[in-house]
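Novice: Generate coordinates for the entire structure from the input sequences, incorporating the hints supplied.
Going down the list, the sequences are from chains A and B. Quick note on numbering: the first sequence equals residues 622 to 1092 in our numbering. Quick note on numbering: the second sequence equals residues 622 to 1092 in our numbering.
In short, the hints are calculated from the structure, not lab data. Mixed in with the good hints there might be a few duds.
Identical copies look the same in the list; a pair holds intra-copy or inter-copy alike.
[To be verified] Each computed DMTMM-like pair below joins lysine to aspartate or glutamate, with the alpha-carbon atoms no more than 25 Å apart:
(1) K898 - E984
(2) K943 - D1034
(3) K640 - D651
(4) K943 - D832
(5) K943 - D1051
(6) K943 - E723
(7) K640 - D626
(8) K943 - D906
(9) K898 - D1051
(10) K898 - E886
(11) K640 - E730
(12) K640 - D657
(13) K640 - E678
Here's the letter readout for the chains.
Protein chains: 2
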Amino acid sequence: MDVRDYIDSNARVFFDQLKAWLAIPSVSADPGHHGDVRSSAQWLAGHLAATGFPTVEIWDTGQASSPGQPAVFAHWPAQDPAAPTVLVYGHHDVQPVEPLDEWHAPPFEPVERDGQLLGRGASDDKGQVLLHTLGLRACLAASAAGAPPVSLKLLIEGEEESGSPHFADLLRSRADRLSCDVIVISDTTMWAADVPSMCTGMRGLIDAQIDLRGADTDVHSGSFGGGVPNPLHALATLLAGLHDDQGRVTLPGFYDAVLPLTDAERALFARLPFDEKAWLADAGDSQATAGEAGYTTLERVWARPTAEVNGLWGGHTGPGAKTIVPSQGHAKVSFRLVANQEPADIAVALREYVAARTPPGIEATVTFGGPGVRPAFSPLHSPGVQAAKRAMERAFGREVLFTREGGSGPEADLADILGAPLVFVAVGLDEDRIHAPNEKVEMTLLLRGAEAVAYLWEDLAADPAGITATR
Amino acid sequence: MDVRDYIDSNARVFFDQLKAWLAIPSVSADPGHHGDVRSSAQWLAGHLAATGFPTVEIWDTGQASSPGQPAVFAHWPAQDPAAPTVLVYGHHDVQPVEPLDEWHAPPFEPVERDGQLLGRGASDDKGQVLLHTLGLRACLAASAAGAPPVSLKLLIEGEEESGSPHFADLLRSRADRLSCDVIVISDTTMWAADVPSMCTGMRGLIDAQIDLRGADTDVHSGSFGGGVPNPLHALATLLAGLHDDQGRVTLPGFYDAVLPLTDAERALFARLPFDEKAWLADAGDSQATAGEAGYTTLERVWARPTAEVNGLWGGHTGPGAKTIVPSQGHAKVSFRLVANQEPADIAVALREYVAARTPPGIEATVTFGGPGVRPAFSPLHSPGVQAAKRAMERAFGREVLFTREGGSGPEADLADILGAPLVFVAVGLDEDRIHAPNEKVEMTLLLRGAEAVAYLWEDLAADPAGITATR
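Specialist: Given below as structure tokens:
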């Protein structure tokens, strides 16, 4: 029985299993659901053991002072000790479901309708985690082997939707167990059901609050206006100066480390059927595109770094007028980063920028929200990406294009801490309404995803030197 | 008996009368004290009648839908029908007294201490109103006349500390009764007890709220950041652009109507003993001066127009980071104006400026708080100012210098609606703690003020053609 036959004939069982898992409301952001997050981990552990993984463990995260939600680890070694080791990353926690009254069916009572499976977590990320066990069983069935062709590890997190607060610590403390040659991420999307694609990178992030202070108190603008510095003028000047008239970020050295987009990747992006009107509608009905000169919209949001003012406040913000020179101004800013920018370097540059642009009589402080998130990037011609492309193309019967992801996640931690390249294999769609009411997944895409990973394990096993050489 | 002898021998009675009036808590901003505001008007009406004014009236203000606090009007015609008519403006309402625990004595139980009279309203403005009746009596006693040398009108407002909401309407509806050749304002300050001075102008004001809107909702900065316009960037650019690098306001035509400071006025300002360090301390411990290049601090805050951002807000302003492109940004701005700028012209210029600088995809609205306040200005060499200068110099025995007032008030309405020039005759000091706990007035300054107005009436009567020619 070949891979596809196995998958098609086991689809019914697979979807019933997924629905059982989706019924567990593993909302990690809600302390009232932390018991459910543990039940979800236990369900998955049972499922992985039943699949045949000889090692299945539930890993608690955090410490007593800051307890976390459990991750699930499983390992099934290959028979051939020379086979490469693959670590699959996903998560079993889900987003909150509010506003509940916008769901057409209860979010934790999954239903099938017109080839879609609806329910919280169907696409993000339980469906995309579970396709791995189906794919693995198909791989085993097709080869009639007693073990996978690659040494397969799974790490399925329980806090991704809560910002993965303990994830880096978990990776560091379990680095030995998690060692691998390549990391497969199944938590993103492809371009469209009929345009299979692979993500090759995510942007990094660093955020800060800028606080400016002038006088000790607000002062009367009649008595003092025009004679003393106004921190809101300084703030506006500082924030306005973050971009030049080409939409480029002006922090000193901001672009120094940026890995330029290659002509090949730009050409591949350009082949994606991009509907700007629909994209603007998704962007809260934005009325125009904007951004760095010389780049397309997709390039801007996927592969170019940004500076964004996320919030600002100061002075009188209530009804009516108050003729003051305010004493303070505040802004929250964040920077999306791309390979190979380092959050720590950008932090230094921001401090320098603010210090250089703070006028006399104004005191400025810059406070960072944390160390930031590194960008993640897998070159198009890296062996892992090429192997996954071949596997996806075999499963979908079409050319696979490339995308990136403009957001930021724990993926870069995986690559950095474990020292292995990332490969994004995912079959979610942007229209899956993840994080929103009526989340769904296309059922056939889950099956094609299972097929793709089955082929991928075979492909990676066929050329172990290719992938291990990239470490 | 000459003017000074009369005043000195009646000082005790005068201060006792003032203390009785100060004991009435006429806080116009507090509805709980509106009965006291009326009592204060009644007290003043009785005092003016007792002084000899043949016409004394309490004028209600506002309408049934928006009732106001009462003003007091009094008129004592000169015997000579060719004598000029003078209108004295002041107010009998007072500021709130909070924080009460910072007062060394109860605010409405006035006490005398070391030549100072302490109590709410002592300087702002009851003391400066009452000096007019003492001055008038002295004038009458010195000339042994049965009527003042000028036709004297008093209009003492009851809502000045609440923003004079009904004052312009009152002036318009009573313009015939209030017609005059010159308006004497006794509601400002002089430079110092030993540096008598006269204010010659106040700045005007117009305020607005600027609202910028991008997308319909905040959008995720990972998915859309760098590709859609951010209204906070637009807001920062717009506000930062309000000033050029010389601190000049960039609104189109902003300075076109500005009456330049004369060399003579600048030279007189420069003779004032200005202590920048003390001024900065008063300015909420500001750490530096700032403003329009080419002007001194006093010139900047008294005689140059400004643009001030009074408040701004938008996006995420709570704890922590939120990686959004916000949908909206807001700012409150105000412009202090000088002669001969028109608030309506500045409003047009602001609308033009915002429209020209709003980038594609952002929608901007500008909402004005009202029609604004016109600047007031009395040229140094106008007959009224020169007459008052002579009278002040005679009373104080020193040269009188000139100041201006950076704030804005209903004075310009008086000049505009009644069509008469303003003359500021006042003996308050900046250190009188008006609007603050422990308000006080220097008792000898009130007496010298009374003396000055007595001389002023004589002076104006001696040259009626001079003042009436300026109308």
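Novice: Each hint needs a verdict: does it hold in this structure or not?
Specialist: Evaluated hints:
1. Only between protomers do K898 and E984 lie at most 25 Å apart by alpha-carbon distance; the minimum there is 18 Å, versus 44 Å within a single protomer.
2. Taking the shortest Cα distances, K943 and D1034 sit within 25 Å of each other only across copies (20 Å), while inside one copy they are farther apart (48 Å).
3. Taking identical chains as interchangeable, the C-alpha atoms of K640 and D651 lie at most 25 Å apart only when both belong to the same chain, with a minimum of 21 Å there against 65 Å between chains.
4. Taking identical chains as interchangeable, the C-alpha atoms of K943 and D832 lie at most 25 Å apart whether they share a chain (21 Å) or sit on different chains (17 Å).
5. Only between protomers do K943 and D1051 lie at most 25 Å apart by alpha-carbon distance; the minimum there is 21 Å, versus 46 Å within a single protomer.
6. In this assembly of identical chains, the alpha carbons of K943 and E723 lie at most 25 Å apart only when taken from different copies (24 Å versus 41 Å within one copy).
7. Proximity of K640 and D626 under a CA criterion of 25 Å is satisfied intra-copy only: 22 Å inside one chain copy versus 103 Å between copies.
8. Within a single copy, K943 and D906 get their C-alpha atoms only as close as 34 Å, which misses the 25 Å cut-off; across copies the closest is 20 Å, which meets it.
9. For the homomeric pair K898 and D1051, the shortest alpha-carbon distance inside one copy (15 Å) is at most 25 Å, but the shortest distance between copies (61 Å) is not.
10. Proximity of K898 and E886 under a CA criterion of 25 Å is satisfied intra-copy only: 23 Å inside one chain copy versus 61 Å between copies.
11. With identical chains, the CA atoms of K640 and E730 are at most 25 Å apart within one copy only, with a shortest distance of 8 Å there and 79 Å across copies.
12. Taking the closest pair of Cα atoms, K640 and D657 come within 25 Å of each other only inside a single copy of the chain (15 Å); across copies the shortest separation is 74 Å, beyond that limit.
13. For the homomeric pair K640 and E678, the shortest alpha-carbon distance inside one copy (22 Å) is at most 25 Å, but the shortest distance between copies (86 Å) is not.
The structure fails none of the hints (numbered hints given earlier).
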